[in-house]
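A.B. asks: One letter stands for each residue in the lines below.
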Amino acid sequence: MAESPVPRRGMTREPLRRQLLRPLVFFVIVYTAGVFGYYLIGLYFKDQPDSLIHCVYQVGILLASVGFTDILSSHDTVAGIVFTVIMALFGVGFLLWIISTVTAFIMGGQLTELIGRDRMRKRIDELRDHYVVCGGGETGQHTVRELVAAGHDVVLVEVDAERIDHLLRDIPDLLYLQDDASDDDVLRQAGIDRAVGLVSALPNDKDNLLLVVTARQMNPALRIVSRCVETENERKLRRIGADAVVSPNTIGGQRMAGELICPTVANFLDQMVHDQRNIRMEEAVIPEHSSCAGKTLAQIDLARVADVNIIALRNPGADYFVYNPRGETSTVAGTALVLIGAPDEIAKAREALSE
Amino acid sequence: MTGHAPRQPSQHAHRAEEPGEMSSATDSEALAGLKDHVIVCGTGPTAQRIIAELEAFRTGAGMRRTSGAIPPREYVVVARMREDIDRLRRRYPHMHVLIGDPTEDEILAQAGVQRAYGVFAALADERDNLFITFTARHENPDVRIVARTTDVYGTEPKLKAAGANAVISPSFIGGLRLVSETVRPSVAAFLDEMLRGRDTDLGLVEVCVQRTSALAGRTLRELSLPARHGLHVVALHTRAATEYAYNPGPEARVQAGDTLVLFGARASIDRLAAEAGPAPQEEADG
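Those protein sequences? They're chains A and B, same order as listed. According to this note's numbering, the first sequence is numbered sequentially starting from 1. According to this note's numbering, the second sequence is numbered sequentially starting from 1.
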């Protein structure tokens with residue numbers, strides 16, 4: 001998938017410079033040859049050669065196809081006429097070449113794309129608290145869509161132009177870098193030091209491993225979640241710095257089994273997680289300086305401000321949940337409440353918790 | 001019950017307890033004797049997880065999310081190559097194995113698709129899964145088919161049209177899970193615990209209300225599940241509605257055929273399940 005050589009948008013700068021360089025080198029060679037040609041013709045067919053500056057002028061008006069008056073003394077000799085014709089033809093050819101290259105460059109969208117890329121770089125540079133998604137394959141595509149649907153800022157890093165185009169059809173203002181995600185510079189460009197989270201969804205576990213290590217070194221506070229293909233690599237990915245590891249095939253199997261063993265709960269959880277308009281399960285964390293920190297649930301009384309149900313809570317550092325927490329359950333700053341409710345009710349609850 | 005399935009030289013069916021040692025007659029008999037069983041097509045990572053879940057469900061160790069509604073089931077794994085199944089067989093000695101191509105009608109028939117309760121089409125290639133779905137639906141109109149797909153947009157309608165009851169795209173739910181793990185880690189961990197339910201006595205379970213049940217026809221207020229059983233009603237799935245009613249109010253009335261999604265201690269759920277009435281499968285069997 002990612003291994004196959006693909007046309008890269010990021011590479012277009014190099015060929016362009018080379019494209020313009022070729023006619024330029026040609027121009028210099030022809031110009032120099034022309035100047036010396038006229039000089040030598042003057043030397044052999046007239047007793048005195050024309051001055052070099054006159055020769056430069058003559059070649060200049062010929063190559064530019066201006067067709068101004070000849071000023072050289074050799075213009076009436078046979079050699080002079082033949083040479084002038086040859087130079088004139090070169091001039092037309094050169095002009096056509098330059099015009100076609102520049103036209104192709106503009107028409108090919110390369111110029112607009114360069115401008116677009118710079119604009120995108122600037123927009124990425126302004127991002128804060130965004131999410132970086134590396135890899136735009138099947139899993140990565142769904143990841144980007146879901147993050148965007150949930151209203152988050154996303155930067156996609158993907159080498160394959162086709163995959164980026166596929167996403168751009170649905171998300172036209174998607175921010176992306178068409179480059180290799182395991183490159184430090186690329187991650188820096190994606191704003192990894194200002195991001196809150198990174199999803200490593202590359203098709204190959206080795207690539208994911210490398211990316212997780214790199215990302216962890218560059219931003220120790222970042223939440224890193226990695227995809228894994230082979231189940232046995234899950235532990236390695238965790239040990240190397242991933243906060244969570246997801247194996248799509250494994251949870252796919254789990255869901256398939258659920259569909260047969262217990263279809264209602266399976267469907268229910270499915271809707272719960274990505275239902276955009278109705279009620280969904282969300283979390284609300286009590287912030288550092290909230291007045292709620294340290295109070296019991298009865299004192300906070302979320303039900304008074306928002307129509308949500310607290311189904312579980314987890315205190316910072318604890319690896320277990322308190323289910324169906326009672327009113328006398330106390331909280332601290334950083335306590336995560338698992339809520340069920342409509343999105344706007346959850347927003348209200350979050351607001352109340354941060355007061 | 002023990003009619004012999006026609007046996008072909010390249011296909012061996014046997015109980016994995018003694019690999020390669022069972023006589024062919026016993027193998028075919030074992031498969032021919034299966035009824036209301038589950039057929040798993042495939043041996044990849046997705047199928048492996050399905051087998052693990054089925055095994056846990058069978059032994060009652062893991063995902064017991066439907067209290068009493070569906071009895072533990074035997075399952076047969078259809079593998080193309082004997083090598084694919086060797087490692088799995090060592091881990092799950094109970095499972096039945098059939099070597100052969102599951103896209104062939106003959107193999108599915110041998111796996112007992114006509115008498116099966118469910119079929120998992122979990123091969124890597126979704127065209128194969130489409131084929132299996134189509135064949136299985138043709139052979140058995142009542143079987144529950146769950147198919148794997150790689151691209152939820154392209155193939156899901158085709159698989160549904162071919163007869164799949166549910167279509168799962170690992171990359172789609174994988175993507176969703178990656179987002180949940182990144183954006184709302186507590187919810188992800190919570191749901192994970194709910195689904196696995198290993199370390200805890202609590203869980204998210206569905207209870208189907210039967211016709212004969214004492215629960216049918218009463219409102220949630222009358223049932224007072226939180227007070228009587230310590231159970232939280234997370235959702236109510238009524239027969240008429242396709243969507244779930246989340247956090248149903250006290251006036252919501254439970255009808256026969258409705259499904260309650262409950263959250264609470266498993267012991268309480270078992271007690272309630274007894275009130276909800278026996279599962280239709282058991283009625284049919286008895």
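Rather than coming from a laboratory, the hints here were simulated on the basis of the structure. Glycine included, each C-beta is placed from N, C-alpha and C at the ideal position. Check before you lean on any hint, since a few could be wrong.
Stated by the list, open to error - Simulated crosslink set (DMTMM-like; lysine to aspartate or glutamate; CA at most 25 Å straight-line):
| # | chain 1 | residue 1 | chain 2 | residue 2 |
| --- | --- | --- | --- | --- |
| 1 | B | K158 | A | D170 |
| 2 | A | K236 | B | E193 |
| 3 | A | K206 | B | D151 |
| 4 | A | K236 | B | D151 |
| 5 | A | K206 | B | E74 |
| 6 | A | K122 | A | D70 |
| 7 | A | K206 | B | D84 |
Claimed, not checked - Residues from chain A shown here face chain B by an in silico Cβ test under 7 Å; the list is partial:
| # | residue |
| --- | --- |
| 8 | D76 |
| 9 | V78 |
| 10 | H142 |
| 11 | L222 |
| 12 | T250 |
| 13 | L260 |
| 14 | P325 |
A.B. asks: With reference to the structure, classify each hint as holding or not holding.
C.D. replies: Going down the list of hints, with the structure as the test:
1. K158(B) <-> D170(A): holds, 22 Å
2. K236(A) <-> E193(B): holds, 22 Å
3. K206(A) <-> D151(B): OK: K206(A) and D151(B) at ~24 Å, within 25 Å.
4. K236(A) <-> D151(B): violated, 28 Å
5. K206(A) <-> E74(B): Distance ~38 Å between K206(A) and E74(B) Cα, so the pair is violated.
6. K122(A) <-> D70(A): Violated, because 53 Å separates the two Cα atoms, which is more than 25 Å.
7. K206(A) <-> D84(B): Holds, at about 24 Å.
8. D76: violated, 77 Å
9. V78: Cβ of V78(A) sits 74 Å from chain B, so the hint is violated.
10. H142: holds, 3 Å
11. L222: Where the cut-off is 7 Å and the nearest Cβ of chain B is about 10 Å from L222(A), the hint is violated.
12. T250: Interface hint status for T250(A): holds (5 Å vs cutoff 7 Å).
13. L260: holds, 4 Å
14. P325: This interface hint is violated because 11 Å lies over the 7 Å limit.
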